[in-house]
Structure formats: C-alpha cells, structure tokens
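Each chain is listed here by its residues.
There are 4 protein chains.
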Amino acid sequence: MFHHALDYRVAYADTDRMGFVYYGNYLALFERTRTELLRANGLAYADLEAAGTAMPVIEAHLNYHAPARYDDVISCYGELTSFKGLRVTVSCRIMLGDKLLVDGYTVLSFIDMATTRPKRIDGELRALFEKLAENKP
Amino acid sequence: MFHHALDYRVAYADTDRMGFVYYGNYLALFERTRTELLRANGLAYADLEAAGTAMPVIEAHLNYHAPARYDDVISCYGELTSFKGLRVTVSCRIMLGDKLLVDGYTVLSFIDMATTRPKRIDGELRALFEKLAENKP
Amino acid sequence: MFHHALDYRVAYADTDRMGFVYYGNYLALFERTRTELLRANGLAYADLEAAGTAMPVIEAHLNYHAPARYDDVISCYGELTSFKGLRVTVSCRIMLGDKLLVDGYTVLSFIDMATTRPKRIDGELRALFEKLAENKP
Amino acid sequence: MFHHALDYRVAYADTDRMGFVYYGNYLALFERTRTELLRANGLAYADLEAAGTAMPVIEAHLNYHAPARYDDVISCYGELTSFKGLRVTVSCRIMLGDKLLVDGYTVLSFIDMATTRPKRIDGELRALFEKLAENKP
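Protein chains in written order, with my numbering: chain Y, 309 to 445; chain A, 309 to 445; chain H, 309 to 445; chain C, 309 to 445.
Treat each hint with caution, since some may be false.
Away from chain Y, derived, C-beta distances all over 10 angstroms, residues of chain A [what the hints assert, rightly or not]:
| no. | residue |
| --- | --- |
| 1 | L335 |
| 2 | L351 |
| 3 | V365 |
| 4 | D379 |
| 5 | Y385 |
| 6 | R428 |
| 7 | A435 |
In the BS3-like style, the derived pairs of lysine-lysine whose C-alpha atoms are separated by at most 27 angstroms in a straight line are [claimed, not checked]:
| no. | chain 1 | residue 1 | chain 2 | residue 2 |
| --- | --- | --- | --- | --- |
| 8 | C | K407 | H | K427 |
| 9 | H | K439 | H | K427 |
| 10 | A | K439 | A | K392 |
| 11 | H | K392 | H | K439 |
| 12 | A | K439 | Y | K407 |
| 13 | C | K407 | H | K407 |
| 14 | C | K392 | C | K439 |
| 15 | A | K392 | A | K427 |
| 16 | C | K392 | C | K407 |
| 17 | Y | K427 | A | K407 |
| 18 | A | K427 | A | K439 |
| 19 | C | K392 | C | K427 |
A short, non-exhaustive set of chain H residues, derived as facing chain A with CB atoms under 7 angstroms [stated by the list, open to error]:
| no. | residue |
| --- | --- |
| 20 | F310 |
| 21 | Y316 |
| 22 | A319 |
| 23 | T323 |
| 24 | D324 |
| 25 | R325 |
| 26 | G327 |
| 27 | Y353 |
Quick caveat, the hints were computed from the structure, so don't treat them as lab data. Where is the CB? At the ideal position from N, CA and C, for every residue including glycine.
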C-alpha cells in the first residue's frame with residue numbers, strides 16, 4: 309500500500325539538456341519520500357540521527373518509465389515493503405497525476421553513528437518499523 | 309572485463325552531512341564512466357546526439373559497499389555487459405585503490421531525438437556496440 | 309517589499325560534510341524564488357519559454373550569514389528590485405523563521421531562444437515587470 | 309596573476325534544459341579551483357579541516373559571460389586576491405580555451421570547527437596565505 313509522501317515542483321536545477329529531470333536526481337526524491345513516510349508515522353529521521361542511529365542506503369534500484377519535465381508537480385509515494393531486523397526496504401513511485409514516471413526501491417541498514425557498525429534496533433523503533441512493514445495489504 | 313574510464317576527485321559539493329559522497333551522486337559517476345568508455349572506443353556521445361540519437365537510461369542499480377570521502381580520488385571502471393539491438397547494459401565499479409566502494413549497472417535504450425521513439429541502431433554504431441559487448445572474456 | 313515565495317525542506321541531498329546546506333545549492337533556491345514570485349504575479353516562467361523567450365542569469369551575488377541544516381524548513385522571499393528594459397534584478401532572502409540565513413540577488417536578461425540574442429520585451433510582459441518593479445515601497 | 313587550477317569535463321549531470329551548465333553549478337567549480345590552488349601551494353584543505361580549522365564561504369559573486377556546454381572541457385583559474393587575517397578572497401575564471409565563460413570570487417573566513425567561532429590563523433598557515441596574496445603582480 310503506497311502512501312502519498314510529498315509533492316515536488318521540478319526546478320530548472322533538476323533538469324538536464326534533454327529537457328527532463330536528470331536520472332540521478334530521482335534518488336534525492338526517493339530520500340524525501342522515505343523521510344516523509346517516516347515522519348507521517350511519527351519518526352523524524354533527524355531525531356534518529358540525533359540519538360546516534362543512521363540509516364545508510366546499501367542498495368538502490370530505479371526503473372525509468374517516462375520523463376518528468378520542468379515545472380511539473382510530481383507526486384512521490386512510498387511503502388515500507390520489508391523489515392528484517394538489520395535491513396529495511398522502501399519502495400517508491402514517482403507519478404505525474406496518474407502516470408507512473410519512475411519506480412524502484414532502496415535498501416537501508418541501521419548503523420551506530422559512533423562506531424559506524426551495523427546495529428540491531430529494538431524498542432519503540434523496532435515496533436514502528438514492524439508496524440510499517442505490516443501495513444501492507 | 310572492466311576498463312578504467314576515469315579518475316574523479318571528490319569535492320565538498322559531492323558530500324553530505326554524514327561525511328560521505330551522497331548516494332544519488334554516484335549516478336553522475338556512472339554517466340561519466342559510460343561516456344569515457346564510449347570515447348575510449350571512438351564514440352563521443354555528444355556526436356551521437358548531434359546526429360539525432362540519444363541513449364536515455366531506462367534502469368539503474370547500485371550496491372553501496374563502502375563510502376567515498378571528501379578529497380578521495382576514486383577510480384571509475386566500466387564494462388558493456390550486454391547489447392541486444394534496442395538496449396545496452398553498462399556495468400560500473402567505483403573503487404578507492406583496490407577497495408570496491410560502489411558497483412551496479414545502467415540499462416540504456418536508443419531513441420530518435422526528433423520523435424523520441426525507440427530506434428534500432430545499425431551500421432558503424434551497431435558494429436561498435438557489438439564489438440564492445442564481445443570484448444568480455 | 310519582499311514577498312514570501314516558497315518554503316523548502318532541506319534534504320540530506322542538499323547538505324555537505326560540514327553538516328550545512330552546500331553554498332552552491334542556494335542558487336537553486338534563488339531560482340525557485342524567482343519562479344514562484346513570477347507565478348504569484350500571473351506569469352509561469354515555463355510559458356514564457358514556450359513562447360520563445362528565456363531569462364538567463366547574467367550575474368549572481370550571495371551573502372552567507374548563517375547555515376541551514378538538514379530537515380530545516382526554510383522560507384524563501386523575493387523582490388523584483390529593478391527592471392530596465394533589457395535586465396531584471398531579483399533580490400532574495402532565505403530565512404529560518406526570523407533569522408536571515410542567506411541574501412543576495414540575481415540579474416537576468418531576456419533572450420530570443422531561437423537566436424539566443426538579447427531581446428527587448430514589450431506588451432503585457434513589459435507591463436508585468438514594470439508593475440513588479442513599482443511594487444516596492 | 310591567475311593560476312591554472314584544473315580542467316573539468318562537463319557532464320550531462322551539470323547541464324540544464326537550456327543545454328548549458330546550470331548557473332548554480334559553477335560554485336562547485338569555484339570550490340574545486342580554490343582547493344587545487346591551495347594544494348598546488350602545499351596545503352590540502354582536507355588536512356586543514358583534519359587539524360580543526362574550516363574555511364566557510366561568506367560571500368560569492370559570479371558574472372556569467374557565455375555558457376559552457378555538454379562535453380566541453382573547461383579550464384578553471386584561481387587567484388588569491390586578498391588576505392586580511394580573518395578573511396581570504398579568491399577570484400576565479402572559468403574559460404573555454406581563450407574564451408571567458410564565468411568569473412567571480414568567493415570570500416572565506418576561518419573558523420574553529422569545535423566552537424564554529426571565527427579564528428585568526430597564524431604560523432605556517434598565515435605565512436602561506438600571505439605569500440599567496442603577495443604573488444599578485
């Protein structure tokens with residue numbers, strides 16, 4: 309079940325000389341989607357880092373179906389598709405109205421920022437990710 | 309067989325607040341790798357577009373093994389791993405010395421820039437991509 | 309008289325390893341400010357280009373007073389401070405609440421996109437820029 | 309006296325839909341120019357930060373004379389034009405062969421990274437910046 313995370317207005321800065329959003333820039337939109345998906349569920353990622361835990365991306369995949377253009381307002385949808393203690397997979401869809409432009413996913417791990425070592429999360433944080441992973445139909 | 313395509317000095321502009329190269333920025337390095345791989349084989353991608361053919365990316369995949377840091381000089385390697393008339397797959401490896409930082413691939417199609425329709429390439433261009441795809445051991 | 313043009317959530321993608329928004333990224337915010345300032349006055353910049361006129365930036369100035377940080381929601385204000393037939397100056401202020409982070413301006417010219425030559429605008433477009441330039445107290 | 313700091317190949321990632329390098333991206337080139345200017349004079353900026361001193365940009369100015377295009381190899385020149393204990397001004401010129409594309413400057417201060425307070429540099433570092441500032445004709 310994909311949740312609407314944010315709308316984003318394409319700037320000139322986002323485009324390339326083909327007239328479309330540069331293919332690398334969608335990963336920043338995937339980041340914004342993850343952040344707003346978590347925030348909508350009560351977790352500000354900035355607070356997570358402030359408490360010493362970071363979630364680096366360890367894998368990313370993107371399928372480009374159709375281009376976004378300058379001044380388009382595109383919609384970013386996200387779903388936490390799996391959580392397995394050490395890793396989270398978040399799927400993303402970038403749409404222009406009903407039209408799918410880009411979809412894909414990122415896999416994130418949890419690390420202790422002090423040691424940069426992998427970290428198994430627990431307590432409320434674990435409960436949140438479990439709840440999100442169960443929210444799928 | 310991966311070919312050394314270019315070396316790249318990491319700028320402050322490339323980093324994020326975790327102190328590493330932002331995960332989305334590697335797709336620009338994948339682009340530079342493709343471009344230099346083609347140039348080393350006699351094809352300036354700019355000339356291809358000037359002649360009316362573009363190669364948009366339709367799929368991208370990245371695995372993040374270790375971070376690149378500010379002022380690192382990282383090395384970008386590429387290999388054309390498959391060519392099937394309408395699509396090309398280019399694999400990339402970003403290394404810091406002997407250490408693998410990021411690997412992955414992009415899949416590109418050929419389009420006619422005037423119509424934005426898919427295009428089957430032929431002649432010298434086709435021969436070049438066939439040669440590159442055969443260069444693998 | 310500065311007008312509120314947009315609010316912007318700082319992403320990880322915008323930050324650098326000092327933990328702040330990278331100094332070069334504010335020019336994209338200056339662009340967004342100009343675009344929304346024009347849109348609020350009835351002019352979609354995309355339509356202007358569709359009609360054959362572009363407004364390239366010919367000069368930019370930025371003063372950095374304080375840094376924006378990850379996840380800050382910063383506010384962008386703009387004012388058209390001068391219009392002289394061939395050139396427009398737009399001043400920008402980036403604020404975090406009441407705190408001034410960055411201010412500066414960009415100077416833009418008008419060009420005919422077909423010829424890339426400077427162009428003197430007239431009619432409704434000229435009237436719009438004259439009105440905006442007069443809107444100052 | 310401007311010193312050649314580096315050459316830079318324009319990537320697709322650097323361009324915008326007008327077909328030129330996006331105006332905001334030149335500040336990353338100004339950064340690279342400063343870094344290589346210092347390195348050529350024996351100072352790796354990364355070492356400066358490792359020793360606890362950072363040089364944030366407090367002012368930037370750019371004049372856009374002509375556009376850089378995809379695949380251009382542009383040359384970046386820098387000059388330390390003034391040093392006054394707490395502030396350094398570095399002028400930059402971005403050229404395509406003999407043609408001036410962009411020039412401008414950045415003003416940087418010195419801060420103690422632990423306290424983020426302004427810092428008056430001394431010793432070898434001060435001597436280096438004084439020497440660079442005197443190198444002008």
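Tested hints:
no.	hint	in the structure
1	L335	3 angstroms, violated
2	L351	18 angstroms, holds
3	V365	5 angstroms, violated
4	D379	19 angstroms, holds
5	Y385	18 angstroms, holds
6	R428	20 angstroms, holds
7	A435	26 angstroms, holds
8	C/K407 x H/K427	23 angstroms, holds
9	H/K439 x H/K427	19 angstroms, holds
10	A/K439 x A/K392	12 angstroms, holds
11	H/K392 x H/K439	12 angstroms, holds
12	A/K439 x Y/K407	38 angstroms, violated
13	C/K407 x H/K407	41 angstroms, violated
14	C/K392 x C/K439	12 angstroms, holds
15	A/K392 x A/K427	12 angstroms, holds
16	C/K392 x C/K407	32 angstroms, violated
17	Y/K427 x A/K407	23 angstroms, holds
18	A/K427 x A/K439	19 angstroms, holds
19	C/K392 x C/K427	12 angstroms, holds
20	F310	28 angstroms, violated
21	Y316	17 angstroms, violated
22	A319	9 angstroms, violated
23	T323	4 angstroms, holds
24	D324	5 angstroms, holds
25	R325	4 angstroms, holds
26	G327	4 angstroms, holds
27	Y353	23 angstroms, violated
When the structure is compared with the earlier hints, violations turn up for hints 1, 3, 12, 13, 16, 20, 21, 22, 27 and for no others.
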